[in-house]
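Listed in order, the protein sequences are those of chains W and A.
FYI, the numbering for the first sequence is 0 to 256, going by numbering that gives the first Met the number 0.
FYI, the numbering for the second sequence is 0 to 289, going by numbering that gives the first Met the number 0.
No wet-lab data here; the hints were simulated from the structure.
Sample of chain A residues at the chain W side, in silico, Cβ under 8 Å:
(1) 70
(2) 73
(3) 78
For lysine-lysine, the following DSBU-like pairs were computed, each having C-alpha atoms within a straight-line distance of at most 30 Å:
(4) W:106 - A:99
(5) A:205 - W:251
(6) W:252 - A:16
(7) A:147 - W:251
(8) W:1 - W:106
(9) W:106 - A:45
(10) W:251 - A:66
(11) W:174 - A:16
(12) A:16 - W:90
(13) A:115 - A:92
(14) A:115 - W:1
(15) A:103 - W:106
(16) W:174 - W:251
(17) W:1 - A:123
(18) A:99 - W:90
(19) W:196 - W:60
Nothing here was measured: the structure is a model prediction, and the numbers come from that model.
Where is the CB? At the ideal position from N, CA and C, for every residue including glycine.
The chain contents come next:
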Amino acid sequence: MKGLMIKDLMCLRKQMILFAYTVAGVLVLSVMFVLSARFGNIADANQTMMTENNLSDIDIKNLSTLSLILFMLLPIAMVSDVTAIFRMDGKAGFGAVSSTLPLSANKRVMARYLTVFIMFGIGVGVDIVISFVLSRLTNIISFADFFGIIISAASLMCIYGALVIVFCFLFGYGKEDYAIVVSWAVILITAMLANIKKVKLIFASVKAGDSDSLDFFSEFINFIKYKYFVLFFISIIVMTASYFVSVKIAEKKRSVV
Amino acid sequence: MNVIEIKNVTKDYGDFKLENISFEVPEGSVCGFIGQNGAGKTTTIKLILDVINADTGEIFVFGQNTKNDSASLRENIGVVFDEMGFHEFMTGKDINIMMKNIYKNWDEKAFFDFLKRFSLPAKKPCGSFSRGMRMKLQIAVALSHNAKLLVMDEPTSGLDPIVRNEMLQIFREYVLEEDHTILLSSHITGDLEKLADEVVFINGGKIVLAGNKDDIMEKHGLLKCKKDKLKDIRESFIVHAQPGTYGVEVLVNDRKECVRLYPGMVIEQASLEDIMLFYVSNRCKCAGHI
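Kindly generate the complete structure, drawing on both the sequences and the hints.
Set out below in structure tokens:
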């Protein structure tokens, strides 16, 4: 099993180099952002928005937090593209080799999931370091709030990773793009259906042209800051279900992993 | 003892069916698994390796039903496919790191010795290897975990005669140890004539012949005669007849008896290729005679 994980990590070597550059870029950009939000042009723009657009201090903070969330998502999103392993395995015809190794389907699937966890671990670790640095430089957001955002982002990407693995196993080699599209579609549809009333309200407020939609952003930010455990538990459930479904698929289609 | 035992195995894909196949591979032997492309060789190998499920029947490897614990059985099986299967960026060193963390009996020293012997660079990505080098790399992997059984699917196809000969030599050395067995699928019958002790001939998903190679070759004969003499030959001896250079060529299934009964006719020993070609033609024509 360890051997397959090593092979998977070897497959992601190029991705890791790109990841290192992205992390460096994210760090520089986010430091520039928080410094500007505190002392520079962004601070001036915020001040103007507060006086001219009737935005409150909390709204401004939330908008800045939203920008930082995007920075935080990048490193985790980078490491969550497990489809690269499937693509490379398919191209090499590694399925034929792996199905003749002295490893059960269970262990082969487990190896893939553990690789994904390692990658997420790296993403979360890097995000924690970045958020620690940022929290020291700004009063927009504390390290505790950052932590909530990181866990939320990691949970969301875990849900995506869990779905994409199942769909990659199900569709087989060469159909990784379909797996990505279907996974995001499942996440978006589920999220929209779970919040159908709020979605209707957002559309209505946008149509009416009022600024109430900002409240939903605030609500969203508060959710991922303070209720990250909800997403975390959902991700554990989805990951567990995904693992068992993947094992069943791998037992049936034995050369799939 | 039989290392592989296949009993009444059926696998139906709809457009292709393995029909009730049964054969054995004795320990210490080289078994040539012959048949034309699409005859069912790879499907049978996949069944033996438990990569696919049989619809009916049982398969035993080292006396154990593959359904019980095929993963641990594979610890003692080295597998070589006609395509490499390793990622092109992987070097010999990478493969060693991967395999030593998979096989309990992985012999690092043996692996690097094989790479050296095959003149394979350990630090070069295998994507840059030629077809012959890729096959050798697979063989190095298959031989480096003390496998007792080597299962190979068309390992020599597409290789030049020198590399093929080199590989046959490696297989010969491998079976010098008494408990080492090879199942070698190929449609290059010349290689099997040189190497195999046993032969299993599959055609259209059915086992046509199985047994000791020398017995099979001894038993079959290639009878050459004028077309009008064909009617004199007892029908039960004829596997198939087809036009030849001087009349007709007939594959007979009892050479000794034919020599005794038809002393005026030329009857040569049939090669494995002749046997394969005539049996395949017989199935295609069904009529048996010209």
